[in-house]
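Visitor: Listed below, chain by chain, are the residues.
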Amino acid sequence: MKMTITGITCKATVSTVESTDNLFLLIQADAGPPARYPLTGSVDMKVGSEMTLPDGGYAVNFDYGVVVTGYDLDSLLLLNLDSPDFLFNLSVNTTSQSATQTLTFCKNQGEGTSEYVVTYEISSS
Amino acid sequence: MISTAAQKELAALVEKRGIVVPELGRSRTPPAPRAKKRLPPRLQEAAAEALAAFRASPQFRALIADIPTLDLRALQSRLDETLNGPHFAPLLARLRAPATFEESPDDLVPKALSIGLMAQAVVLVGLSGSVGYVINLDRSNPKTGIYLGGAIDCGIDAGIEGDVCLGFWANAVDDINGVYVGEEVDIDDTTGVTEAAFVSFESDDLALVFVGLDLGIDDGMEEVNFYFVAMGFGHAPIYQSGDATYLVQLGTLTCSNSKDNYDTVYLNYTQDSSSTQYRYPVWDGIQMAEQGNDARFYQWGVGQIVKFNTELYLILQVGDHTMPTQKIQPGTTSLTFSDKVNGVDDIEYTLDVQFLKT
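Protein chains in written order, with our numbering: chain A, 2 to 126; chain B, 3 to 360.
Since the hints were derived computationally from the structure, they do not count as laboratory data. Think of the CB as a built atom: it goes at the ideal place given N, C-alpha and C, for glycine as much as any other residue. Among the clues, some could well be false.
With the C-beta cut set under 7 angstroms, the calculated list includes, among others, these residues of chain B facing chain A [said to hold, decoys possible]: (1) Y241; (2) P283; (3) W285; (4) D286; (5) Q289; (6) K359.
Whenever a hint applies, use it, and build me the whole structure from the sequences.
Guide: As structure tokens, this is what we get:
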């Protein structure tokens, strides 16, 4: 089967520094080796930003399921002192349908949230 | 010699953790009575066999060749692969079933096993001794760490480029921190297998036995005070390699009783008999609250897909509290993580799981 991520939009950022999340994805199919998108670095996301994806969407083939996790790469200055922050996750398996999901996670004791809207298609090949 | 990079990282780690090496010297004179406990002969045999098999393998030659260039994380990962690899599997299986080796009440029943390098020059500020990777043997408390330590001088032949050695520890990883007194060195004339025993400074009980060939340690170590410490050291983000019989998708985690409100939660897991720990999410965690406190954040769709052959151990971390380990086996549909803090404060989370491949 195939999962194609066609859109990721930011509705609320976690980062307070310039209100920009530095988003990268880890995509893991069938519990295999994770793929990183983009391969290096991150994509700047402010409220309303759409993540640049490959033409036609980011496609991944799977037999059992896919886990997509979005992380915020911390500032380059702090790269050696800090580690990425969790932004959102979603997962599909062979029973999943194409969907648009709004993913909201609690940050800072309920005061802040991350909110991302992810659209994906599930097809048989 | 281990690489300078790894040595520098070790020194930085020691400083960062605020570890202070006690003053060391020679202990009690005249020599204390012999340690009451001993390393069970069956463990000694299994250790010697495992070491012989490993030393004859290409993996051993590759490890020794690579050591000078490995950083600490790479060294840990290579030693982890070695210890969880085929050569040490029979020894680990035996260690995890004390009935297979315990013959008398004097037998040491180790709580942790290490693989490391002996007689490296300086491993800790001014100390020569041993550095390596240590794992807990209790499957429900699968901690791992880097251990290091040694003595000021005496008994350790610092010039020797050490060979691999196995360590049998009376303490679990979290409790390895203290002064160990050299007790006895025993070298088998026919096989060359050397056994070096240490007792605890406080209790005089057998605390540690190193087994190896060419330990570079001699009779001069008796009564010498050694200092050993083990430190948890994070893994690089890794995934479970290889194929497994079962694939399971972790489903919805529900917080029915939080520790503090908005606990940061994440999961660690280990597969079958391996001690390698995985984590989801790889970094950071998810803040969760009880439904009554914040109905937006009382459930989390974990989604992570994990694999195993016979069982998978899950450890839920809730804020600063580690919940008792739960196990997924064929047929498991849900798990309840439940614990009390300070005897009264209940914490409860439930997780449903779905088999994707059986």
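Visitor: With reference to the structure, classify each hint as holding or not holding.
Guide: Going through the hints against the structure:
For Y241(B), the interface hint holds, the least distance from its beta-carbon to any beta-carbon of chain A being 6 angstroms, beneath 7 angstroms. About 5 angstroms separates the beta-carbon of P283(B) from the nearest beta-carbon of chain A, less than 7 angstroms, and the hint is met. The interface hint given for W285(B) is met, as the beta carbon of that residue sits about 5 angstroms from the closest beta carbon of chain A, less than 7 angstroms. A cut of 7 angstroms between beta carbons decides the hint on D286(B): the least distance to chain A is about 4 angstroms, and the hint holds.
Here the hint on Q289(B) is kept, as its CB sits about 4 angstroms from the closest CB of chain A, short of 7 angstroms. Interface hint status for K359(B): upheld, as the beta-carbon distance to the closest one in chain A is roughly 6 angstroms, under 7 angstroms.
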